[in-house]
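Number of protein chains: 2
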Amino acid sequence: MAETGEGTAVSAADRAHAELRELLLRFALLPKQKLNEVALAERLNTSRTPLREALNRLVAEGLLEKGTRGFSVPDLRVDVVTDLFEARLELECAIVRLACERATEAGLEALAGFLDESIAETPDASVDRLIELDIGFHDTLARLAGNAVMRGMLANLNDRIHLVRWIAMDGRRAGTQSQHRDILARVRARDAVGAMALMREHILHRNDGIVAAIRAAYGHVHMLGAR
Amino acid sequence: MAETGEGTAVSAADRAHAELRELLLRFALLPKQKLNEVALAERLNTSRTPLREALNRLVAEGLLEKGTRGFSVPDLRVDVVTDLFEARLELECAIVRLACERATEAGLEALAGFLDESIAETPDASVDRLIELDIGFHDTLARLAGNAVMRGMLANLNDRIHLVRWIAMDGRRAGTQSQHRDILARVRARDAVGAMALMREHILHRNDGIVAAIRAAYGHVHMLGAR
DNA sequence: GTATTCCGCTTTGTATACAGAAAGTGATGC
DNA sequence: GCATCACTTTCTGTATACAAAGCGGAATAC
Chain A
1 MAETGEGTAV SAADRAHAEL RELLLRFALL PKQKLNEVAL AERLNTSRTP
51 LREALNRLVA EGLLEKGTRG FSVPDLRVDV VTDLFEARLE LECAIVRLAC
101 ERATEAGLEA LAGFLDESIA ETPDASVDRL IELDIGFHDT LARLAGNAVM
151 RGMLANLNDR IHLVRWIAMD GRRAGTQSQH RDILARVRAR DAVGAMALMR
201 EHILHRNDGI VAAIRAAYGH VHMLGAR
Chain B
1 MAETGEGTAV SAADRAHAEL RELLLRFALL PKQKLNEVAL AERLNTSRTP
51 LREALNRLVA EGLLEKGTRG FSVPDLRVDV VTDLFEARLE LECAIVRLAC
101 ERATEAGLEA LAGFLDESIA ETPDASVDRL IELDIGFHDT LARLAGNAVM
151 RGMLANLNDR IHLVRWIAMD GRRAGTQSQH RDILARVRAR DAVGAMALMR
201 EHILHRNDGI VAAIRAAYGH VHMLGAR
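Heads up: the sequence lines are chains A and B, in that order. Under my numbering, the first residue of the first sequence carries the number 1, and numbering increases by one thereafter. Under my numbering, the first residue of the second sequence carries the number 1, and numbering increases by one thereafter.
Don't read these hints as lab results, they were simulated from the structure. Hints may be right or wrong, so weigh each one.
What the hints assert, rightly or not - With a straight-line cut-off of 16 Å between C-alpha atoms, the simulated EDC-like cross-links for lysine to aspartate or glutamate are:
id: 1; chain 1: A; residue 1: K66; chain 2: B; residue 2: D14
id: 2; chain 1: B; residue 1: K66; chain 2: A; residue 2: D14
id: 3; chain 1: A; residue 1: K66; chain 2: A; residue 2: E37
id: 4; chain 1: B; residue 1: K32; chain 2: B; residue 2: D75
id: 5; chain 1: B; residue 1: K34; chain 2: B; residue 2: E101
id: 6; chain 1: B; residue 1: K32; chain 2: B; residue 2: E65
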């Protein structure tokens with residue numbers, strides 16, 4: 001068991017899990033790629049046992065798949081991605097509605113501050129940073145909605161759509177933060193119906209051209225693969 | 001790798017996962033119980049390695065928790081259970097709305113048949129069977145809604161609330177199937193608003209007295225523990 | 001009698017070994 | 001040149017070994 005600086009022990013399996021997740025979110029592991037445990041264990045500087053424990057967790061989280069033998073990165077299938085985005089839409093609408101009911105004024109004030117910073121940062125931000133800011137806004141809304149389970153479900157969906165979202169965000173820098181601002185205004189007004197409509201528009205706007213985004217994602221990962 | 005009769009290999013880890021899940025759903029593993037891997041491996045007739053792989057999956061699925069050392073069954077905490085039921089409510093409402101849009105006539109016809117059988121069976125059914133029928137109805141709706149991701153999310157929530165649901169169902173045999181009938185009628189009429197309102201009523205009806213159900217669940221598991 | 005310490009045993013996280021399955025490679029036949 | 005086969009190597013699922021951490025009981029001190 002490795003020790004962190006704060007005296008909290010982090011197991012090798014936990015570390016492998018976190019590092020694998022990073023590899024997935026950075027597209028260092030590509031769709032349909034079959035994972036080689038020996039190489040991966042070496043890469044992550046651990047033995048196969050904690051690595052396999054981490055791989056099993058990621059399978060349960062939907063980030064990896066398990067065949068009869070071995071683990072692999074899921075293919076980018078249109079039907080699955082479509083389902084993921086739709087699930088996200090439904091969950092986000094529920095979350096924003098609950099946030100209208102439950103968010104504290106202090107919480108909304110802090111979110112407005114975050115939004116100001118996001119807007120200031122957007123013109124020069126990398127795509128990774130844009131996504132971070134996007135997720136930050138939505139995750140804060142989820143926290144303000146006061147349902148930890150739903151917040152966790154949203155986080156999982158975010159991981160699973162990360163690549164497609166990255167591509168879509170790259171192609172479309174404009175508008176996200178102003179849409180966030182509009183949504184926040186509705187939440188502050190405790191206008192659930194309005195907030196949900198804007199959230200739906202915001203996410204459907206993103207959903208447009210999922211097939212195109214997936215095709216672009218394939219182009220992107222093939223480019224990565226050629227690296 | 002064990003062979004099933006149909007030539008599909010089932011790994012020891014897969015088997016352990018399924019058996020552990022069964023133990024959890026049957027309350028053979030109790031809230032807050034610390035798991036002993038050696039005893040459990042012996043009980044499941046496997047070695048610790050595939051057992052730990054299964055345990056890790058169950059942690060990722062929210063059915064178990066992992067401390068700095070070892071695995072345990074989550075405590076029945078009111079806030080978590082409340083969140084789980086609320087998440088289920090939101091998800092089920094989204095599902096029933098999508099089912100209104102997407103369900104085929106044949107699919108709805110089959111569900112009506114299932115409902116007839118469920119109603120016929122209810123007076124003499126065990127609680128386990130009642131829950132199976134309840135879950136069967138909702139899962140079929142989820143299938144008819146045509147979003148596999150959301151169906152999977154619902155299945156996971158169902159696992160996580162199983163014990164509390166069991167208690168609540170035991171205390172309240174009446175009304176479920178007639179409520180299912182009403183919901184199905186709204187879906188057949190493609191009345192999303194009506195269907196969602198009934199679904200909300202159906203689940204909130206269940207949610208009433210979650211604290212009481214959790215207390216009763218504790219009584220139940222203490223009785224089990226004394227076995 | 002109670003609190004503390006020590007020691008032996010057990011448990012857990014991880015590394016390594018092993019066996020079977022799968023993949024790769026080279027030789028042979030057509 | 002291509003297909004097939006046999007052999008070798010590699011990979012994967014699992015069992016086992018090992019070291020560290022934790023627990024429980026006995027001994028000791030007050």
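Right, here's what the structure says about each hint:
With a C-alpha separation of about 10 Å, the suggested pairing of K66/A with D14/B holds against the 16 Å cut-off. Our distance criterion of 16 Å between C-alpha atoms is met by K66/B and D14/A, whose separation comes to about 10 Å. For the given pair, K66/A sits about 13 Å from E37/A by alpha-carbon distance, which is consistent with the 16 Å threshold. For a cut-off of 16 Å, the pair hint linking K32/B to D75/B stands: about 5 Å separates their Cα positions.
In summary, the hint linking K34/B to E101/B is not supported, as the alpha carbons are separated by about 46 Å, beyond the 16 Å threshold. A C-alpha spacing of about 9 Å is found between K32/B and E65/B, which places the hinted pair at or below 16 Å, so the restraint holds.
Checked against the numbered hints above, the structure breaks only hint 5 and satisfies the rest.
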